[in-house]
Structures are given as structure tokens and as C-alpha cells.
Amino acid sequence: MRLTSRRFAFATAALSLLVVVGCRQDMHDQPKFFPQRGTDFYADGRSVRPQVENTVARSQLREDSYFYTGLVNGKEGDGMPFPATMQVLERGQERYNVYCTPCHSRVGNGIGMIVQRGYSKAGSFHSARLETAPLGHFFHVISNGYGSMPDYSSQIAPADRWAIVAYIKALQLSQKATQADVASGAHVEPLASIAEREGLPASFANEWVLPPTAVTGTPDNGLYVLPVPGVAGTTAVAPSHNNAVAPAAGSAGQTEPKQ
Numbered sequence: 001m002r003l004t005s006r007r008f009a010f011a012t013a014a015l016s017l018l019v020v021v022g023c024r025q026d027m028h029d030q031p032k033f034f035p036q037r038g039t040d041f042y043a044d045g046r047s048v049r050p051q052v053e054n055t056v057a058r059s060q061l062r063e064d065s066y067f068y069t070g071l072v073n074g075k076e077g078d079g080m081p082f083p084a085t086m087q088v089l090e091r092g093q094e095r096y097n098v099y100c101t102p103c104h105s106r107v108g109n110g111i112g113m114i115v116q117r118g119y120s121k122a123g124s125f126h127s128a129r130l131e132t133a134p135l136g137h138f139f140h141v142i143s144n145g146y147g148s149m150p151d152y153s154s155q156i157a158p159a160d161r162w163a164i165v166a167y168i169k170a171l172q173l174s175q176k177a178t179q180a181d182v183a184s185g186a187h188v189e190p191l192a193s194i195a196e197r198e199g200l201p202a203s204f205a206n207e208w209v210l211p212p213t214a215v216t217g218t219p220d221n222g223l224y225v226l227p228v229p230g231v232a233g234t235t236a237v238a239p240s241h242n243n244a245v246a247p248a249a250g251s252a253g254q255t256e257p258k259q
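Residue 259, in the numbering used here, is where the sequence shown stops; the numbers in between run on with no holes.
None of these hints come from the bench; they were simulated from the model.
Take every hint as true, because none was put in to throw you off.
Pair ranges (Cβ atoms, derived):
id	residue 1	residue 2	range
1	G118	T39	54 to 60 Å
2	H187	Q155	34 to 40 Å
3	Q155	V209	26 to 32 Å
Predicted model only: the values in this text are computed from it and were never measured.
Here a beta-carbon is modelled for each residue, glycine too, at the ideal position from N, C-alpha and C.
Given the sequences, and given the hints that come with them, work out the whole structure.
In C-alpha cells:
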């Protein structure tokens, strides 16, 4: 019995010795660099190594710069990077209704629901300035923001931004379309006639009224004008961040003009 106890004690001691010898701290105390700390291992003293020149991360090549920026040599381009098919227009309408209508409204006149409730006045797509704006302008604004409008680059993929641009141009045409603008057999009908047929009040087709709660966000109570990329002499009007400022005298019930 005593011999067995001695053997057990010896085995326990041997096992403990093996555990102690095998319990090294190489993984715990391994040599490594800490972020933002210097080192004398490299000649430049930096532990973080610079990226290899001319390398591009996966899915970030963006070789077609116009598709991702809407700019050509720093200026707004005027064209779609892919055909504006009916499928593209339908996708653009769906994305427009999700992201753009709260400010610009379904018809694009800049008097959406949150503008009616006090948010800064949005631009009307039916103004002379935006009717003649190049397609790259709309893509650039969606990507980078404009005045009180935030950018939507994180919410809307580039292909969907272009689809929205195509739909905006179709929306602009729809508000002033003539029989010559539609295919043979199609019929152009004024909004007032459609409203009457649908049983809506006659005022439905009238000019929309900008409510007195709406603000412009600029010192002169005018629209914010973004400098045109590549055009010298264009200066932006600094927006006001005080959305509690009342509209200028006489602007209550102001009708949004069509240009």
C-alpha cells in the first residue's frame, strides 16, 4: 500500500513537472507590433508598414470614374453610363419614391411632406436651372449632397443613383410633355383632366403652395446654389443652420413658381 502511494506521488510530481515545462508563454508574450507605436526593427522607425504603391483593394478599382463620380475631367458630364431601359426607369422610380419624395415630392416640385412640415425648401426639378442641368449634376448631388440635402452615397448604390437620374429626366418630361414627345398611339393628358376623371377636387391640379413653415436656409431667403465643378466664378451661398427663422415678409402662402 505504501509502495502504491509512493508511485502515485511520483507520477503526480512527474506530471506536474511536464505541465510546468510545457506551460510556456510564447503565445502570450509573442513579439508583435502595436498600432501607432514606433520600432527600431525598420529603418524608418514605423511599425505600421505603408501600403504597396498602386495596389487596389478588392472591388475598389473603380476604373470607370464617370460611373462613380458623374464627372469628366472634373466637370459634370451629360450622359448615362449605361442604357436607360424601361427596367432602369422602373428601378429609378422605386428608389426615387423611397429616398427623394420626402423632400422633392412625387412630382419633383420640391414641396415634399417634410418641407411642408418645416424642413429647408428643396429644389424643384422643373426649374429652368435643373431642366437644363447635365445628368452628371444630379448624380454628383446625390453622391455628395447639396445645401441642406445630405449625401446618399452610403444608402444608394452607384447604379441606383444613375437609375434615379434617368427617372428624374423622365419626370421632368412628364410634367411638360406634348404629343410629339410620346410614341405613336400614346395620348398626352393634362393632370387636371386626370384629376377630374378620378373624382378629385379641381384644386388638385393647381400650383402647390409653399407653407409658411418652410425655410430656405440662406441669408437672402433664396435657394442654395452649389458651385459648378470646373467653372470659375461660381460661389456658394452659405446655408443658415437656424431652421426656426420665419420666412421673409409676404412669403406666407407663397406659390412655388414653375420655371
